[in-house]
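K.L.:
We have chain A already, so just place chain B on it with the hints.
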Amino acid sequence: MTDQRFRNAAGGRIDRSRPLTFQFNGRRYDGFGGDTLASALLANGVRLVGRSFKYHRPRGIVAAGSEESNALVQLGTGARTEPNVRATQAEMHDELSAASVNCWPSVEVDVGAINSALAAFLPAGFYYKTFMWPPRAWRFYEWFIRRAAGLGRAPTEPDPDRYEKTYAHCDVAVVGAGPAGLAAALAAGRVGARVILADESSEFGGSLLGEAATIAAAPALDWVAGAMAELAALPEVRLLPRTTVFGYYDHNHLGLIERVTDHLGPRTDTTLPRQRLWKVLARQVVLATGAIERPLVFDDNDRPGVMLASAARTYANRWAVRAGDRAIVVTNNDSAYPAALDLSEAGVNVQAVIDARETPPDAWREPLRVRGIDLAAGRTVAAALGRKRVEGAEVYELAADGSRLIGAARCYDCDLIAVSGGWSPTLHLFSQSGGRPRFDAGIAAFVPGESRQAERSVGAARGTFSLAGCLAEGFAGGAAAALACGFGDGVAPPVPATGDTPAGPLRPLWRVPTAGHGGKAFVDAQNDVTADDVELAAREGYRSVEHLKRYTTTGMGTDQGKTSNVNALAILADLTNATIAEVGTTTFRPPYTPVTYGALAGRSVGDRFDPVRMTGLHQWHEAAGALFEDVGQWKRPWYYPRRGETLHQAVARECGAVRASLGIVDASTLGKIDIQGPDALKLLNLVYTNAWDNLEVGRCRYGLMLKEDGMVFDDGVTARLGPNHYHMTTTTGGAARVMGWLEEWVQCEWLDMRVHFTSTTTHWTVVAIAGPNARRLLAELCPDIDLESAAFPFMAWRDGTVAGIPARVFRVSFSGEQSYEINVPSSCGVALWQVLMTAGAKYDITPYGTETMHVLRAEKGFVIVGQETDGTTTPQDLGMDWIVSKKKTDFIGKRGLTRADCGRADRKQLVGLLPENSKDTLQEGAQIVAEIRPKPPMPMEGHVTSSYWSAALGRPFALALLMGGRARHGQTVAVSSYGTTSWAKVVPPIFWDKEGERLRG
Amino acid sequence: MHLIACPWCGPRDEVEYAYGGEGHIARPARPEALSDGAYADYLFMRRNPKGVHAERWVHAAGCRRWFNVLRDTVSHRILAVYKMGEPRPEAGP
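These protein sequence lines are chains A and B, in that order. Each residue of the first sequence is one higher than the last, beginning at 5 in our numbering. Each residue of the second sequence is one higher than the last, beginning at 517 in our numbering.
I should point out that these hints are in silico values taken from the structure, not numbers from a laboratory. Ideal placement from N, C-alpha and C gives every residue a C-beta, glycine not left out. Incorrect hints may have been included.
Ranges of calculated distance between the beta carbons of each label pair, as one might list FRET restraints [unchecked claim]: (1) B:Glu530 / A:Ala237: 32 to 40 Å; (2) A:Arg646 / B:Ala556: 52 to 60 Å; (3) B:Arg563 / A:Lys711: 18 to 26 Å; (4) B:Leu559 / A:Ala740: 19 to 27 Å; (5) A:Gln871 / B:Glu530: 29 to 37 Å; (6) B:Leu559 / A:Glu161: 45 to 53 Å.
Chain B with its partners taken away, still in its complex shape:
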């Protein structure tokens, strides 16, 4: 029952959300121009940092909006919440 602050609905229980993996993975503008290796990187390779992780969540049982989260994977503290399309902020304290 961690509280996650949806940018549209405010703090809500974690069970209302679904996790969407690492954030800021942009779909290649011209996928056909990529080598198999580069395309596999886009498809499968994800960071697994100890510390600050940028990831995306969806308020699945709420407003159904996707948004970005900065989370510390050690403490599970949520350091920032920001809307899709906004740049990644500096990690908070």
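One chain only, chain A, in its complex shape:
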């Protein structure tokens, strides 16, 4: 326990009635509700909070908001641990636990700090220069580099929290709830526009939370409270605190991440999600994102205790925390003066304001004098003293052109150096929206240029830093945005009086001349990029800001260079004798601050990642002990092992049963499309390669569909139900694709074709019975269909009843055996299946799965689209020239087949393979090679597409695509797979019942 000795006894916006304890690096500390981890650490005098990325230098807290570059912590433990959290944004809750990153074994004693001594050998582009040779060694180097980098640890356990996604539309989205954002929301909300106001902080008010400002002669926070109450009462206004707008996309689409319960700590009650991802489509966007203060670039400016002046001021005002005992305030502009006064008011011994300007505005002299604060003009800090914390500062007189220091140093004894190098409007979202920033020399900062989308920037985000200006622009921007959506008259509400002191011009100061005793001047503290690195890059010719960024990695950390970008490119401009406007900025990309993957995934994890489709018979299959195979989204029975059976044994048994007596398979997943209309026949003739004119009602036919390039696309059996009515079947995986294909042709190409499609896949349960006893079983259960082959031949269908259920029976066969596919309404599927199982017991009826189905069809040489074909396979390649009509003038793919390439004799053609070793089942996907070499590459001639053990043949067999294969029957080929070679004889791709007597019998 510690005493929070840097916490003032009164003041601040913390909840002193809610004391909390937390742990940092294993030590316990006290804090209050309303603290952040950063404010609580500072209250307890903890200054060293982490080590830097490359040199492992000691680092402290620099900022008070999302721009923090140094104070990254590993938050939480176990499954809930989160890396790279900015301590300035981690809201305090009881029992919060956090640890430093980038250090081992501890933040105080860090082995990696040796890199600091080696710094001379670790310049910009070090990795590019050093680890390029030998090329293979990169993997070895990378392993060490990644470990040494240590950017926190991702949790290894599943995420226990719940995340939600939500979608919203609004008229005016206002980003940022500082004075300008609140004013904009008020102006738009009062006239009835639907407004969403989001702010990343736990409280609305923005910069006003950290300043002692006045509005309408009262504390500014009274005005904030009034605005909040008014907004909360407006029914069309939605207020989203703790919500970061992290992305601005096309069509005014914003990505928001709302931290719903993070501030409550780990909870067992998961009624509310941890975070909520909002996707908002706004008709108008008002960017009131504020501005970020720039640090100064001087020697050892990264020592713990060097802090942005606005941050030190915010800690004092919002959290009643003194960021140090003895301070100097160093600036080049007016904004640090009220900061110095507020620090002094909070009890910090502010020794001096060091202003780089020769003649600071007179308005500040008297307030400083009253507080006993010296004013040193034309001077700046050139070096921080101390190592793990600031112990002093060297201040010099600055030459008029800023190029050198003059005279001797004056040393201040201080533990806080509050710096202000001017302000940069927060342009991230503006830039993401497609807008190009423009350099404004008056404030030495980039400001928004022309809008590319329906957005406008107001207040500090636009470079207007006075409170009066922020309020005026907010009101005007909100009113204008509302008017653009048809609300109000566009007239801005009157602006209340503010207690602003007008600000004078700043003196640009990008790189303080070095004090000359070997310190490092950091530009990007998070990525350890120094001013010297920028100089080296410029010397080596990296003159484009985009190249500078990639070479030095400046601005590429998790903070995206919020505090560093402008300093880096200003130094580059100076070195290359270009203007800052000419150098320009790099592109800002989402997210503004890191977003956890869990929020992006939302509920689409685990079982909810992808829909699972099950047939009506699924529970029966499960009860029968089936193992399942994924076919598209469907779960299909793979095989039904009996006690102790392997896959091989079960499949051999199932295959044997079908060939010898009777098998039964659930074929419900087969794609089914009902086609009706006077032009149905015309359509079939265009989408299938064969002719359909002579197909009579009551008959069905196998068809092959091609793409326009002539390559096989899908196959299936289609039955003629009536003169203008067909029932098409497709492959299981191709059902949606074929449906879409037919619709696209009819809607986009053949607009006058009168034909309609209805997907009926799930209307029917399809049960196929196959085997020599199939007809005998069906005859028992089906009194109203004449099953004799003469009356009900192969490739016909009949309506009737099976087991008392209305059924449509197709006499088709994918197994090569006598087979009937019985279609009944889905709701009757289980009843049908059970009757068939009971009645079929005398034939030892055997349920079989997809594996047996595949073996049986392969023995017959029936192809599976997607297994024997791969998008480069023609019907001729499959030996199916017989199905390609020579008489039809046109069908999809006909012209494609006439390309010379399709007639090449050495195309890969479907063949059968019989391995020479009868115990040797070939690997599917194995390559057929022309020549065996000790190791790849070997000249490839084809590959194995299907390979099984055949119980019927008593040996393994395979189907393959082989160059010029049809002319090579009888040859022996080498099949190579993972270093082993098998030899196989090329045979015609049919192994069972070549005459087809069994399936017709």
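P.N.:
Using the frame of chain A, we list chain B on its own:
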């Protein structure tokens, strides 16, 4: 979550739609009369303009109707939506 205005259903979320590539690609009346080069142009060659692009979309998770869209490939703004078979309108502002 761009809004696309289906000609039949009105403005709906982009996720309900599927993209179908460049629009106004007419299937040749007599494919067999085309040279390999001309047929390859029909099959494979597509425009990739910076600016206004005519393309077709389908309201796949809605009414399942195909329609035409004029879209600016730079701003992704949708400039016009029109039914299949209708002529390409002038690009809007």
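K.L.:
Does each hint hold? Answer for all of them.
P.N.:
Each hint, compared with the structure:
| no. | hint | in the structure |
| --- | --- | --- |
| 1 | B:Glu530 / A:Ala237: 32 to 40 Å | holds (35 Å) |
| 2 | A:Arg646 / B:Ala556: 52 to 60 Å | holds (55 Å) |
| 3 | B:Arg563 / A:Lys711: 18 to 26 Å | holds (21 Å) |
| 4 | B:Leu559 / A:Ala740: 19 to 27 Å | holds (23 Å) |
| 5 | A:Gln871 / B:Glu530: 29 to 37 Å | holds (34 Å) |
| 6 | B:Leu559 / A:Glu161: 45 to 53 Å | holds (51 Å) |
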